[in-house]
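Asks: Listed below, chain by chain, are the residues.
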Amino acid sequence: MTKLLRLTTIGLTAVLALSVVGCTGGAPSDGGGNDTDPDTLRFMIGQPEDPADLALTEQDIATFAEESGITIELDVIPSENVRTVLQTQLRSGDGPDIFGYDTGPGFAGALAEAGLLYPLTEHFSEREWPIYDFAQERVTFGGEIVGIPNDIETVGLFYNATMFDELGIAQPQSVADLTAAAQTIADSGVIPFAVSDQEGWQGGHLLSMVLSSEVGSDAMEALIAGDTRWDSPEVVSALTLLADFNEAGYFTPSPAAVTYDNANALFYSGQAAINPTGSWLAQDIERNVEFEVGYMPFPASDGPGIFSGGLGSGLFVNATTTKTDAAVEFIDYLLTQEHGRWSVENTQSIPAFPIDTEGIEATPLFSQILDDAAKIADGSGDFGYNIDVLMSNTFNEAMGNGIQGILTGQATPEEVAVTLQENY
Amino acid sequence: MSIANRSPAPAVTRRAQARLGVALVLPVMIMVVAFFLIPLVNALYYSVVDFNGINPNPDFVGLANFERLFTDPKMAHALGNNITWIIVGTISPMVIGLLVAMLLWSVQRASVVYRVLFFLPYVLPGVAIGIVWGWIYDPVNGLLNQLLRAMGLGDLARGWLGEPDVAIYAVLVTAIWAGTGFAIVIFLSALRNVDIELVEAARIDGANSLQRLWFIVLPQIMPVFLMVLTLTLVGGFSVFDIIFIMTGGGPADATEVLGTYAYSNAFQLSDIGYGTTLALLITVLSVPVAVLLNRLQRKLSLQGTGA
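These protein sequence lines are chains A and B, in that order.
Heads up, the first sequence is in this note's numbering, so the first residue is 1 and it goes up one at a time.
Heads up, the second sequence is in this note's numbering, so the first residue is 1 and it goes up one at a time.
It should be emphasised that the hints constitute simulated quantities derived from the structure, not laboratory data.
Please note that the accuracy of each hint is not assured.
[To be verified] Derived CB-CB ranges, DEER-like: (1) A:244 <-> B:241: 17 to 25 Å; (2) A:74 <-> B:127: 21 to 29 Å; (3) A:37 <-> B:91: 57 to 65 Å; (4) B:123 <-> A:55: 30 to 38 Å; (5) B:37 <-> A:76: 31 to 39 Å; (6) A:304 <-> B:45: 50 to 58 Å; (7) B:57 <-> A:292: 44 to 52 Å; (8) B:41 <-> A:422: 48 to 56 Å.
Where is the CB? At the ideal position from N, CA and C, for every residue including glycine.
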């Protein structure tokens, strides 16, 4: 009996210990899934929208492996799970050696604050990585550079240029032009704007576009820095424009019930004429449409407006990895001119470092995006900001809910502006 | 020889019985400890700290998360949606399930086909159901709106998942569609144990269909009825997946329930302390209901009532 009790106690203790480790993550240990091979890196990324993009990534790391002798094990997880999985793995010491993650303060910033990211400041200066200064600032937390920005993104309006020509619409140069164009499109039986907001984040992009064009980059910086209040008349005016367009029937019917994918499908199929989204969709658009596509900023009331620009995701190194040399070598590879040109030509992403675009093979649509993005980098153009990558989770949730509220008639622009200020 | 006069079993037998008892109980004990007690203790710990999912040494905040719970209007709104879900989402599948089971009870030919057809939605993955019904409800190209327009009822076409007053009921319809098959199949199994002679006797005595159902059939299947009721009811407290997939709790929190609100706090706002407190609230609300119904079911079974 005593023996049995002892066995029972041992069994329960084992289960207890396993469960505690399973539930809480346990003490941090070496990163990289305990793999001691210094020439094998585990690389975690979110699942790309298009499987073709994943195939390109696999091709890219195969090229790197061939050149360097370093093997990269790609760990692809659903994008919506990246945050949860990554936080849990990093805390448990079983995180990937390198990983793709959002660069915002609520994402990489939070990991940096907890000491979970490997500092890259010394490597930056030693290896003279040519990242644009503004991009470098976005991955600098507590005075330490902790990541490599992947690419530059802009947010604007993709439009069906063929349909615009058929309806005799020129590229709008002001909000009044855009309103007139939307009315002409609606009269022809087509949805003017393929607006989706079921997921909630799209509302933030809409506000970024309208507000950036209306107030300009300096005023946007003041808002983001907290020097200007979010319940100021400019913000209310931008929110009111969204409410008015929705009320006038220029947006997809019930946009809060439409998913991002479904809105894109409306644009691809010609059921909607304008798709307000970001440059990351350019390649998918070109893969899916059989008409000419243009890309323009959301106009201001007194001019053509400006694009909202910002960084997409970035690449980060696990603070506990024992394979920093291999990780740094991989970063070296990603920041070469050859790789930059490869990215532009194959994945239609815009590197966050200068590349020589002469002779580059790019479609007219992407060439335009590339030229516009280059102006962000060299400071020759005025660009607004994509709000959600620069603000806190709490603010972003208030913005997403608030704009859904406006689009469903649950909230007024004034009420939403007050909520934004409260959650700043 | 009476039981009282029996001599006690030999010590060897008693030890063997004790060993067997421990061996039989051990797997359950391990599972209870691993899957209930430890997570519960963990949850209690997280509910009294300010944990963002990253910080290895979260600050102790005492009962602050619980205080916040009772003053949070979003929690009250989410709880209200849970109550709507519990009422509509429990009564509908129980009533529809019982009615359909009664209809199928007397079906002799192809009864297996009917059972499979009705049960099929229940075994489909929740994610697939949510996505497909999302397409059905799509405001522009959705099947439902197209059908309404084809029938000349275009005025009723709307963004089913995008209108705050309608969205929760649209998701509920999907959940009822998905869950009723379970009730049908279980009720049908219970009905096979109902004493037909009693039903026939009641018919001869002049009892109508409703009276036969209420006074003859229902009492005989009551324990099974309570079991299905318990599962459906507790499911109403902990509902998460179908709402998360179809609306994400939106638009503007209109379909938020405790489960999605807890998830949003824990994993989107990185407020794991408060998210865990909300999850504990779900447990506190649902466990007493489950225990109560379970006891009632056991009592009826011991009384010899039911299938």
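Asks: Hint by hint, work out which the structure violates, then give me just those numbers in ascending order.
Replies: 1, 7, 8
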